Each structure stands twice: as structure tokens, then as C-alpha cells.
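Participant: Respectively, the protein sequence lines represent chains A and B. All the letters of the first sequence, read from the start, carry residue numbers 1 to 155 under UniProt numbering. All the letters of the second sequence, read from the start, carry residue numbers 1 to 126 under UniProt numbering.
Derived PhoX-like pairs: lysine-lysine, alpha-carbon spacing no greater than 25 Å straight-line: (1) A:Lys-47 - A:Lys-136; (2) B:Lys-17 - B:Lys-99; (3) B:Lys-44 - A:Lys-52; (4) B:Lys-110 - B:Lys-21; (5) A:Lys-85 - B:Lys-55; (6) A:Lys-70 - A:Lys-85; (7) B:Lys-110 - A:Lys-29; (8) B:Lys-44 - B:Lys-78; (9) A:Lys-29 - B:Lys-25; (10) A:Lys-29 - B:Lys-100; (11) B:Lys-73 - B:Lys-44; (12) B:Lys-55 - A:Lys-110; (13) B:Lys-17 - A:Lys-29; (14) B:Lys-99 - B:Lys-8; (15) B:Lys-55 - A:Lys-52; (16) B:Lys-85 - B:Lys-99; (17) B:Lys-44 - A:Lys-47; (18) A:Lys-110 - A:Lys-85; (19) B:Lys-89 - B:Lys-78; (20) A:Lys-110 - B:Lys-44; (21) A:Lys-29 - A:Lys-126; (22) B:Lys-89 - B:Lys-25; (23) A:Lys-110 - B:Lys-66; (24) A:Lys-118 - B:Lys-44; (25) B:Lys-66 - B:Lys-55; (26) A:Lys-29 - B:Lys-21; (27) B:Lys-44 - A:Lys-126; (28) A:Lys-110 - B:Lys-73; (29) A:Lys-85 - B:Lys-66; (30) A:Lys-110 - B:Lys-58; (31) B:Lys-58 - B:Lys-73; (32) A:Lys-29 - B:Lys-99; (33) B:Lys-17 - B:Lys-110; (34) B:Lys-58 - A:Lys-52.
Hints were generated in silico from the structure; no laboratory data involved. For clarity, every value in this text was computed on a predicted model and none was experimentally measured.
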Amino acid sequence: MAQISATEQPHMKQIDLATLNIQQLGTLKQQLDQELDLFQESLQSLKMAQQKFQTSNETLQNFDADSEGKDILVPLTGSMYVPGKLIETSNVIIDIGTRYYVEKDIPMAKDYFQRKTKFVTEQMEKIQYLGLEKSKIRDAIVEIIQLKLNQQQQG
Amino acid sequence: MSEDLQKKLQSELTSFKTVQKELQKAISTRQQLDGQLNENEIVKTELNILPADGKVFKSVGPVLIKTELVEAKENVSKRIDYINKELNKVDGLIGTLEKKQDAHRESLQKYQQQLQQAQVKAALHS
Chain A
1 MAQISATEQP
11 HMKQIDLATL
21 NIQQLGTLKQ
31 QLDQELDLFQ
41 ESLQSLKMAQ
51 QKFQTSNETL
61 QNFDADSEGK
71 DILVPLTGSM
81 YVPGKLIETS
91 NVIIDIGTRY
101 YVEKDIPMAK
111 DYFQRKTKFV
121 TEQMEKIQYL
131 GLEKSKIRDA
141 IVEIIQLKLN
151 QQQQG
Chain B
1 MSEDLQKKLQ
11 SELTSFKTVQ
21 KELQKAISTR
31 QQLDGQLNEN
41 EIVKTELNIL
51 PADGKVFKSV
61 GPVLIKTELV
71 EAKENVSKRI
81 DYINKELNKV
91 DGLIGTLEKK
101 QDAHRESLQK
111 YQQQLQQAQV
121 KAALHS
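Turn these sequences into a full structure, and let the hints steer you where they fit.
Facilitator: See below:
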């Protein structure tokens, strides 16, 4: 879940695409294609994370101190359950990553999942924006390559 | 002459490919470290939000073991320091490998041109 910056880095240089030769343009296009693939992958993982957080948040909407004593089925394995009863329903334990788990009360837990969902959604928006920009550049490069190829054939 | 060149070209190509592989490995290590750093940073902010008496557990295999909040915070900070050090190392490695790769690429192009010229010459003489 990397922080993504959409601002231009100070060390970046502006390059006029028309001054590059076909080989350089090809390399550039390849790089951009790779980046775009990576963006697609990241978007997929982010979407999965988003869904996970959303499901947890939705589950918490029907879960409060009144849930105490209710019956549940506890999964022992993926396909085997034993009946159980809910106790201490005012707190839940949340996986916060790197094998650490913390106990939170229901409102705090809701806040946690809402924060996470928001964070992930924001990252997705940033990637979508960056992806759009990159594919614009990619299209421009393809156009210039075509142009140069045509010129070569005529010349 | 041209055989000699071809040999040089071949060996240059091999070293270029080796460097390329090393570079790719270093880059994927970097990405992994970057991910770990981010995850740890996120855990750190979560631990900082927790009240001083908040309960923290660490999963060890199939069980959760209760840990002190202070201890967990220290642990995560230490890990972040370590990962940052590793990141710096990998960044240095990537820098050197990129320079090496560029050098190999340049001599490759040079040899290729020389080989082409030699071939043209040979074609003219025959």
C-alpha cells in the first residue's frame, strides 16, 4: 500500500519526444507499457483490499454489545465448523499488518475500516489518474514513431 | 578481423545480459523492501493512534500472544530503521548496476557499428 505521489518530481527533465530516435522511442514505449501493466495489477490488489475493508465495515454495522450470547459457527478449517456463542461483543481484534493485532471497541473499529477504505480508494484514484496520464504519453509516442517511420520510408 | 569483433560482441552481450539480470533482481528486492516499509509505517501509525492501555497481540504461528504496546512500537520502529538501511544499500546497488549496464550497452553499439562497417568493406572487396 504505497503512498503515491501525483506531483512532478523536481529532478525530472522535460524531453521533447520529437528529438528522440525510433529506438529510444521504442524503449520509452516499452517502459510505459510495463508501468501501465503494473498500474493495472496494483489497481486489482487495491480493489481486493478495498472490498476486504468494506466487508469488515459492513459486518460491524450489524454487530454491537447486543450481539452477546448469539450463536455462531466457528470455522475450524475452510469447510468444517463448530457451533459457538459470541462473548465480549463490545470489542473486536483487528489485524493491522505485519502480524500485529489490536483490540478496538466497535466505534473505533468502524472508524478504522472507514479510514482504511478511504485510504485505499484515494490510492486507487491516484493510480487511475496517473495511468490516464501515462497512456496519453504512450499514445503520443506511438504517433511519433509512426510519423518517423513514414518519413523514413519517403526519404 | 570480423571474427574477432564477433567474439567481442558476443562476450559483451553476455555480460550485458548478466548485469541486466542482476539489475532486475535488485529492483524486485527494492520493491519488496518498499512494500515492507509501507506496511510497517502503516502499523506504526495504527499503534500510535491506540490509547496507552490498548491491547496489542502478536501472531506467532497459530496463536495470538499479548504484547505490550511500548514493546510493539519499539519493535516496529527498529524494523523500519533496518528496512531503511537495506533500502539505501539496494539503491546504491541499483545505481552501480545501471551505470554498468549503460557502459555495456554503449560498447555493444560500438561493436555492432564496427561489425557492420567491416561487413560493408568485405562486401565491397569481394
